[in-house]
Amino acid sequence: MNAPATQRPNSRQAGLGRIIIAVYGIFAISSTARAGYQVLTKFGEAPLAYALSAVAAIIYIIATIALASKKPGSWKVSFLAVLIELIGVIVVGILSFALPQDFAHPAVWSHFGQGYGYIPLVLPLIGLWWLNRHREAEADS
Amino acid sequence: MIVDGFFIAGVIICALSVVLSVVATILRDHPDDYAIISVAAVEVFLIVYGIAAAVRQAGGETISGEAWEFWGYVATALFVPVVAFAWAITDKTRWSNAVLAAVGLTVFVMLYRMEQIWDGATLV
Chain A
14 MNAPATQRPN SRQAGLGRII IAVYGIFAIS STARAGYQVL TKFGEAPLAY ALSAVAAIIY
74 IIATIALASK KPGSWKVSFL AVLIELIGVI VVGILSFALP QDFAHPAVWS HFGQGYGYIP
134 LVLPLIGLWW LNRHREAEAD S
Chain B
23 MIVDGFFIAG VIICALSVVL SVVATILRDH PDDYAIISVA AVEVFLIVYG IAAAVRQAGG
83 ETISGEAWEF WGYVATALFV PVVAFAWAIT DKTRWSNAVL AAVGLTVFVM LYRMEQIWDG
143 ATLV
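Heads up: the sequence lines are chains A and B, in that order.
So the number in the working numbering is just where the residue sits in the first sequence, counting from 1, plus 13.
So the number in the working numbering is just where the residue sits in the second sequence, counting from 1, plus 22.
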């Protein structure tokens, strides 16, 4: 099995890329709904965890839009957003184990995304690998 | 939850569809015909299941759980194979087979829940 012939130079949005965009989209919608509910109704219970939930939701929205966009520069934005997501899930994951009293309430990134089947941890790794393989064509800009 | 003929038939059809689609993801670099047909079979099963449920309900059988929840699952599940089919005809790559594979898994979980609602089992 050689490199598939369907892979055009700038097919970032096709194939696995489309699945990645869809999964990011699902996370953007669900984490925004959940974070919005948490922040509006019970922010005082765990301000740190819920503020980070809101940050995560914003990152997922930016990543989804940038990954799906064909505009020049969107590659860089999506790479940064996915990288921030990876750093965020690692930092929050460590913090949630180090400071359990501040993370008693579940958030997307706490315990390395355990509540979401560790998808928040695996997704940025797949995303960065995919983006690295599908760099923006120089002729586009 | 009572394991009835509908549930067994659904599980077999979903399992076959998942296996075919996963194999197609590995072997094919385009959406595979058999994977698409298997997803169509899942849709046909859901239509038959829905009609049978309507007939059973009309004939006096009652849903032990919430009726709106049961029919909500039926209506939502009917969309799943359609969305995956639309995905496969608009993205002619290997990865559409992976999307088709997700249909059987998703419909299986939803069918499990529909059967639970029908028999009145509580959410695990």
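Hints are computed from structural coordinates only; laboratory data are not their basis.
Quick caveat: nothing in here was measured; it's all calculated off a predicted structure.
There's no promise every hint is true.
[To be verified] 25 Å max Cα-Cα, derived SDA-like pairs, lysine to any residue:
#, chain 1, residue 1, chain 2, residue 2
1, A, K83, B, V44
2, B, K114, A, A81
3, B, K114, A, I97
4, B, K114, A, H147
5, A, K89, A, T54
6, A, K83, B, V105
7, B, K114, A, V36
8, A, K83, B, A120
9, A, K83, A, I42
10, B, K114, A, E149
11, B, K114, B, I48
12, B, K114, A, I39
13, A, K83, B, K114
14, B, K114, B, V44
15, A, K84, A, I97
16, A, K83, A, V36
17, B, K114, A, S82
18, B, K114, A, W142
19, A, K89, A, V36
20, A, K84, A, H124
21, A, K84, A, V36
22, A, K83, B, I48
23, A, K89, B, H52
24, B, K114, B, A74
25, B, K114, A, N145
26, A, K84, B, W109
27, B, K114, A, L29
28, B, K114, A, I78
- What hints, given by number in increasing order, does this structure fail? 1, 3, 5, 20, 22, 23, 24
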